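In order, the protein sequences belong to chains A and B. For the record, in the first sequence the residue sitting at position 97 is 929 according to my numbering, with numbers rising by one throughout. For the record, in the second sequence the residue sitting at position 101 is 111 according to my numbering, with numbers rising by one throughout.
Derived by calculation from the structure, the hints in this document are not laboratory data. Quick caveat, the model's predicted, so the values are computed rather than measured. Hints should not be assumed to be uniformly reliable.
Where chain B lies over chain A, by a calculated footprint (3+ residues, C-beta under 8 Å) [to be verified]: (1) 876-890; (2) 934-941.
Simulated pairs of lysine to aspartate or glutamate, EDC-like, Cα-Cα distance not exceeding 20 Å [unchecked claim]: (3) B:K66 with B:E25; (4) B:K110 with B:E15; (5) B:K110 with B:E25; (6) B:K12 with A:D903; (7) B:K52 with B:E13; (8) B:K66 with A:D886; (9) B:K80 with A:D886; (10) B:K80 with B:E15; (11) B:K110 with A:D886; (12) B:K80 with B:D93; (13) B:K110 with B:E67; (14) B:K77 with B:E67; (15) B:K52 with A:E854; (16) B:K77 with B:E15; (17) B:K52 with A:D917; (18) B:K80 with B:E25; (19) B:K77 with B:E25; (20) B:K80 with B:E13.
We put the CB at the ideal spot given by N, CA and C, even for glycine.
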Amino acid sequence: SQTIHQWPATLVQPVGSPLSLECTVEGTSNPNLYWYRQAAGRGLQLLFYSIGIDQISSEVPQNLSASRPQDRQFILSSKKLLLSDSGFYLCAWSVGTGHGYTFGSGTRLTVV
Amino acid sequence: QKEVEQDPGPLSVPEGAIVSLNCTYSNSAFQYFMWYRQYSRKGPELLMYTYSSGNKEDGRFTAQVDKSSKYISLFIRDSQPSDSATYLCAMGFMNTGFQKLVFGTGTRLLVSP
């Protein structure tokens with residue numbers, strides 16, 4: 833069966849520090865991968881999506897970046913965090929169309 | 011106008027009530043429709059998906075799609091306190107090989123014992 837792992841679950845980082853969030857998927861090949869941010873009362877904001885290794889599309893210009901070094905690994909990074917980067921970050925995967933996404937358990941990031 | 015509109019709630023109901031959650035959308039090209047449930051501090055989990063207008067039932071849950079009105083609903087019968095969560099609608103297109111869903115902002119549901 834397919835599973836998605838996302839870590840860490842919570843993170844408190846100072847402004848200006850770097851960020852690395854990791855997501856891995858098991859039990860499927862060549863998944864589409866997504867990074868979302870969910871701010872309180874504002875719904876899900878798509879940040880990046882990837883249809884293959886080293887194929888990343890950015891939806892929102894900001895100080896975040898994403899990489900996909902392996903087929904089932906998706907990494908969200910920042911060189912210098914801003915207060916506005918605080919939020920709940922979700923990784924998701926899908927295969928094909930019409931079946932929705934499977935989300936990870938999320939990382940709650942607080943930038944202080 | 012947002013592509014997908016959803017009342018944020020909260021919607022408070024007593025245990026056993028029938029709950030109706032709704033979304034409206036503006037893009038008539040959407041081809042499939044989903045409902046996700048999200049518990050506090052957890053990732054959303056897929057509850058139901060449907061491609062066509064009409065009703066789809068799964069246990070206590072019924073998803074309804076009215077493409078002519080651009081309106082979708084999720085009904086929960088015999089609601090339980092464990093149903094207390096945020097419910098997000100989502101919709102997408104049947105492109106080949108890749109899907110990008112559009113989500114509503116979610117409705118928070120509170121079921122009191």
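Here is how each hint holds up against the structure:
1. 876-890: holds (count 4)
2. 934-941: holds (count 6)
3. B:K66 with B:E25: 23 Å, violated
4. B:K110 with B:E15: Roughly 17 Å between the alpha carbons, so the hint for B:K110 and B:E15 holds.
5. B:K110 with B:E25: 35 Å, violated
6. B:K12 with A:D903: Distance of about 34 Å is beyond 20 Å: violated.
7. B:K52 with B:E13: 25 Å, violated
8. B:K66 with A:D886: 39 Å, violated
9. B:K80 with A:D886: 37 Å, violated
10. B:K80 with B:E15: 11 Å, holds
11. B:K110 with A:D886: Given that 20 Å is the threshold and the Cα spacing comes to 18 Å, the pair holds.
12. B:K80 with B:D93: Status violated; Cα separation ~26 Å.
13. B:K110 with B:E67: 25 Å, violated
14. B:K77 with B:E67: It holds: about 18 Å lies between the C-alpha atoms, which stays within 20 Å.
15. B:K52 with A:E854: 16 Å, holds
16. B:K77 with B:E15: Distance of about 15 Å is within 20 Å: holds.
17. B:K52 with A:D917: This hinted pair holds, its Cα atoms lying about 19 Å apart.
18. B:K80 with B:E25: 30 Å, violated
19. B:K77 with B:E25: Roughly 31 Å separates the two Cα atoms, so the pair is violated.
20. B:K80 with B:E13: With a Cα-Cα distance of about 11 Å, the restraint between B:K80 and B:E13 holds, given a limit of 20 Å.
The structure is inconsistent with the numbered hints 3, 5, 6, 7, 8, 9, 12, 13, 18, 19, although it conforms to all the rest.
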